[in-house]
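Spelled out from the first residue to the last, the chains are:
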Amino acid sequence: MKKILAILFILLVASTLIFASGAKEDEKIELDFWTWRTEDVDFYDKVIKLYQERNPNVVVNQLAYKNTEYNSILMAALQGGEGPDVFMGRAYGGLYTISSSGFAVAMDDKIDLSKYNKNTLEGSMNIDDKKHYGVPALSQVIFCYYNKRVYDELGLSIPKTFSEFKDNLAKTQKAGYIGLANGSKDAWTVETLMGGVGPNFYGANDFYYQMLEGKKNFLDKDFIKAIEAIKELTPYMPKLYNGVGYSDMQSSFFNEKAAHMIGGSYEAGNFSKNNPDLEFGIFAIPSREGGSSVTYYADMNWVVNNNSKKQEAAIDFVKFLASKEVSQMIINDLKMISSTPGVDASSEPFIEEVLNLMKDSTNYIFLVPFRYHQPTGSSLWQNAGQGFLNGTLSAYQAAKSVQDGIASYYKPFQK
Amino acid sequence: MKKDTQRVYWILFFITPALLIVVFFILFPLFLSLINSFFGWKGLSREGFIGFENFKKLLTTFPYNERFSNALSHNFIWFITTMLIQNTLGLFFGYMLSKRIIASDIFKRIFFIPVLFSIVAVGFLWSMYLKSDGLVNLFLEKIGRGDLMQAWLGSEKTATFSIIAVNIWRWIGFPALVFLAAIDNVDESCIQAAYLDGCSEVKIFTRIILPLIVPAITIITVLTVIGSLNVFEQVYVMTDLGGGPNYSTDTIGTLFYRTAFGSVDTGSPEIGIGSAIAVLIYLMTFIISFLSIIVGKKKEVSL
Numbered sequence: 046m047k048k049i050l051a052i053l054f055i056l057l058v059a060s061t062l063i064f065a066s067g068a069k070e071d072e073k074i075e076l077d078f079w080t081w082r083t084e085d086v087d088f089y090d091k092v093i094k095l096y097q098e099r100n101p102n103v104v105v106n107q108l109a110y111k112n113t114e115y116n117s118i119l120m121a122a123l124q125g126g127e128g129p130d131v132f133m134g135r136a137y138g139g140l141y142t143i144s145s146s147g148f149a150v151a152m153d154d155k156i157d158l159s160k161y162n163k164n165t166l167e168g169s170m171n172i173d174d175k176k177h178y179g180v181p182a183l184s185q186v187i188f189c190y191y192n193k194r195v196y197d198e199l200g201l202s203i204p205k206t207f208s209e210f211k212d213n214l215a216k217t218q219k220a221g222y223i224g225l226a227n228g229s230k231d232a233w234t235v236e237t238l239m240g241g242v243g244p245n246f247y248g249a250n251d252f253y254y255q256m257l258e259g260k261k262n263f264l265d266k267d268f269i270k271a272i273e274a275i276k277e278l279t280p281y282m283p284k285l286y287n288g289v290g291y292s293d294m295q296s297s298f299f300n301e302k303a304a305h306m307i308g309g310s311y312e313a314g315n316f317s318k319n320n321p322d323l324e325f326g327i328f329a330i331p332s333r334e335g336g337s338s339v340t341y342y343a344d345m346n347w348v349v350n351n352n353s354k355k356q357e358a359a360i361d362f363v364k365f366l367a368s369k370e371v372s373q374m375i376i377n378d379l380k381m382i383s384s385t386p387g388v389d390a391s392s393e394p395f396i397e398e399v400l401n402l403m404k405d406s407t408n409y410i411f412l413v414p415f416r417y418h419q420p421t422g423s424s425l426w427q428n429a430g431q432g433f434l435n436g437t438l439s440a441y442q443a444a445k446s447v448q449d450g451i452a453s454y455y456k457p458f459q460k
Numbered sequence: 162m163k164k165d166t167q168r169v170y171w172i173l174f175f176i177t178p179a180l181l182i183v184v185f186f187i188l189f190p191l192f193l194s195l196i197n198s199f200f201g202w203k204g205l206s207r208e209g210f211i212g213f214e215n216f217k218k219l220l221t222t223f224p225y226n227e228r229f230s231n232a233l234s235h236n237f238i239w240f241i242t243t244m245l246i247q248n249t250l251g252l253f254f255g256y257m258l259s260k261r262i263i264a265s266d267i268f269k270r271i272f273f274i275p276v277l278f279s280i281v282a283v284g285f286l287w288s289m290y291l292k293s294d295g296l297v298n299l300f301l302e303k304i305g306r307g308d309l310m311q312a313w314l315g316s317e318k319t320a321t322f323s324i325i326a327v328n329i330w331r332w333i334g335f336p337a338l339v340f341l342a343a344i345d346n347v348d349e350s351c352i353q354a355a356y357l358d359g360c361s362e363v364k365i366f367t368r369i370i371l372p373l374i375v376p377a378i379t380i381i382t383v384l385t386v387i388g389s390l391n392v393f394e395q396v397y398v399m400t401d402l403g404g405g406p407n408y409s410t411d412t413i414g415t416l417f418y419r420t421a422f423g424s425v426d427t428g429s430p431e432i433g434i435g436s437a438i439a440v441l442i443y444l445m446t447f448i449i450s451f452l453s454i455i456v457g458k459k460k461e462v463s464l
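Top to bottom, those sequences are chains W and G.
The numbering of the first sequence is the working numbering, which starts it at 46 and goes up by one.
The numbering of the second sequence is the working numbering, which starts it at 162 and goes up by one.
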C-alpha cells in the first residue's frame with residue numbers, strides 16, 4: 046500500500062512539473078481593459094482582435110460597466126490596489142481625482158504627446174504637477190443641431206446672427222415643430238445650453254483667459270448678457286420646458302418633432318442610430334453681432350493603472366489605442382472626434398463639419414477649469430441656471446451664486 | 162448554576178450571528194465614518210488628523226453651510242408633510258377599515274399593494290407621469306383644467322411636494338395597516354360600553370381609541386423620523402443627485418452622497434466632509450427617535 050502511495054505521489058509531482066513547464070512555454074500576458082461604453086463593446090472587441098493578431102503573446106480582456114456606475118466601481122477597485130491595467134478615464138477634474146491619488150501612470154515620457162492640441166492635453170493634465178496622466182482619446186464640441194429637411198421645407202438658411210437664429214426658431218415653431226428641443230429638468234443640460242449659447246456673448250477666449258487670471262469674473266456684464274440670451278430662447282422651447290428631461294429632448298429631435306437642439310457632438314451617433322433617415326446639420330450659435338466660436342472640451346483619456354504589474358504591455362496597448370489606425374476606426378465606426386493629431390476625417394462629412402467648427406473654439410467654461418474642487422463650476426451653474434430658467438433667480442443672482450461658489454476655493458477670485 | 166451557564170450559551174448561540182452582522186456591517190462602518198470625519202482628505206487618500214475642522218467647515222463656511230441648512234430644511238418638510246398627510250390619512254384609513262365597511266378586505270389589500278413595489282420602479286413610473294407631457298398634465302388638460310398644468314418635477318415650487326406625494330402614495334398602506342391592527346386590538350367591550358353610555362363616534366375615537374393606540378403612533382412617528390432623515394432614493398430617482406432644480410429637492414442624504422463620493426459633475430470626493438454629514442445624520446436620527454420614544458412612552462395608557 047505504501048508503495049502504491051509513493052508511486053502516486055511521484056507521479057503527481059512529476060505531472061505538475063510537466064504541466065507547469067508546459068504552461069510557461071506559451072505564457073501570455075493578460076491585460077484587463079475597462080470601459081464605460083457598453084454600447085461600443087463590439088467596436089473595442091474589433092480593436093482588441095486587431096491588436097492581438099499583431100501581438101500574439103498578449104490577451105486583452107475587455108470589461109464594460111454602465112456609464113453611471115463606472116466611476117464608483119473603478120474607484121473602489123483602484124482604492125483596493127487592484128483594478129484594470131488599462132482603462133478609460135474622464136478628463137480634467139474627473140481624471141484629477143485618480144491622478145492625484147497616485148493611481149495613474151504619467152505618460153509624458155512614455156508616449157510622444159508633443160503633436161497633440163494644447164487644449165486637448167489640458168484634459169489629461171494634473172493641475173498640481175502639470176504632468177499628463179492619460180493619452181487624450183476623444184474630444185467634444187457643443188453647437189446647435191438643425192433638421193435639414195425642415196430647413197429645406199421652409200426655405201431657411203444657417204443663421205449668421207442671434208436674431209436670425211431666433212427667426213428660424215420662430216418660423217419652425219409656426220410650421221408646427223418644436224422650435225428648440227431643449228428643456229431644463231436635467232441640470233446638466235442647462236450647462237450644455239451655456240456651452241452652446243454662451244461663447245459668442247461673453248467673448249469666447251478673450252473672456253475665458255482673463256477670467257482664469259482673475260482679471261474678469263462671472264459678474265462681468267458680458268457674461269450676464271450670455272445668461273440673459275439663454276432666456277430669450279425659452280419661447281421656442283417645448284411647453285413647460287422646465288419639466289423636459291434629456292431623453293425627451295433627444296427623442297423629439299430624432300423623431301423630427303423638434304427642428305433644433307443645442308447639444309454636443311456626442312449626440313450624432315445616437316441620432317443616426319435611432320433614426321437612420323434623419324438628415325441633420327450643425328452650426329455655431331452666433332451672438333447679436335455674429336461670431337462663430339464653439340465650446341470645446343476633451344472628453345476621455347486612455348489611462349494606465351499605476352499599480353498594474355504589466356505596465357510595459359499596458360503602455361504598448363495604449364499606444365495602439367491612440368494610433369492613427371484606431372483613431373480612423375473611431376471616426377468611421379463610432380462617428381466620434383478622435384483627439385489623435387493628424388487623422389483624416391474626410392470620409393465622414395459630419396466629423397469634418399465638426400472639425401471645421403472646432404477651428405474657432407473656446408474651452409468649456411465651467412467643465413474645463415472648475416471641475417476639480419467642490420462645489421464645481423458645473424454644479425453651481427447647473428443649479429443657478431435652473432433657478433434662472435424657472436424665474437426664481439435673476440441673471441445677476443445666478444451669476445453671483447456661481448461666482449461666490451467658485452471664489453470659495455479659486456485663488457484668483459479671492460483678491 | 163450549570164443550568165444558568167447553559168442558558169447563557171444558548172442565548173449567545175442565537176444572538177451571535179445577528180450581532181456579528183450588525184457589528185461588521187453597521188457599527189464598524191459607522192465607527193469608520195466617525196474616524197474619517199476627523200481627518201483631512203486629498204482625493205481618496207487620508208491625510209492628517211484635523212479634529213472637528215470638517216464639522217466646522219460644514220456648519221460655518223460657504224457654500225457647505227448653505228447647502229446643509231437648505232437640505233435639512235427639506236428633510237424637515239418631508240417630516241412635517243409625511244406626519245400631517247400620510248400618517249393622518251393612514252390613521253383615517255385604518256379607522257375606516259376597522260369599521261369593516263363593505264369590501265374593506267379588498268381595500269386593505271389595495272392600500273397595501275404600493276408598499277410592496279420597489280421604490281425605484283415607483284419613482285421611475287411617476288416621473289414619467291409627472292413629465293411636462295405626462296399623464297398627470299394630460300389628465301388636467303382633458304378635464305379642462307389646463308391652467309393647473311405644471312412642470313411638476315422641474316419647477317422649484319412643486320418638485321419636493323411632488324416627490325413627497327408619490328412617496329405618500331407608495332407608503333400610506335403601511336401606517337394604515339399598523340393603525341388598523343392597533344385599533345382592532347382595542348377592547349371591544351370598552352367601546353360597546355361607551356356606546357351604551359351615549360358617547361358620540363368622535364368622542365369614542367378621541368377619548369378611547371386614540372389614547373390606546375399611542376404605542377402604534379410612537380412606532381409610526383419614529384419610522385417617519387428615520388424615513389424623513391434618510392430620504393435619498395426617491396430624490397435620486399425622480400430628480401437627480403444634485404437635488405435639482407436649483408437645490409429645491411436636496412436632502413441631507415443626497416448632499417451626503419455627492420459630497421462624499423463626488424461624481425463627474427460635482428468634482429473630487431470630499432470624504433472628510435461627507436463623513437461629517439453622515440455622522441450628523443446618524444446623531445440626529447438617534448436623538449430625535451429617542452425623544453419620540455420617550456414622549457410616546459409618557460403618553461401611553463392601558464386599561
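In case anyone wonders, no lab produced these hints; they're calculated from the structure.
Treat the hints loosely; a few may be bogus.
Per the computed footprint, the stretches of chain G lying under chain W, defined by three or more beta-carbons under 8 Å from a beta-carbon of chain W, are [unchecked claim]: (1) 192-205; (2) 309-317; (3) 357-368; (4) 406-416.
We treat Cβ as the ideally placed atom computed from N, Cα and C, and that holds for glycine.
Hint check results:
Only residues whose beta carbon comes within less than 8 Å of a beta carbon in chain W count, and the stretch 192-205 of chain G has 3; three or more means the coverage holds. Counting residues of the stretch 309-317 of chain G whose CB falls under 8 Å from any CB of chain W gives 8; the rule of at least 3 is met. Coverage of the stretch 357-368 of chain G by chain W is violated [criterion: at least 3 residues with CB-CB distance below 8 Å; count 0]. Coverage of the stretch 406-416 of chain G by chain W holds [criterion: at least 3 residues with CB-CB distance below 8 Å; count 3].
Checked against the numbered hints given earlier, this structure breaks only hint 3.
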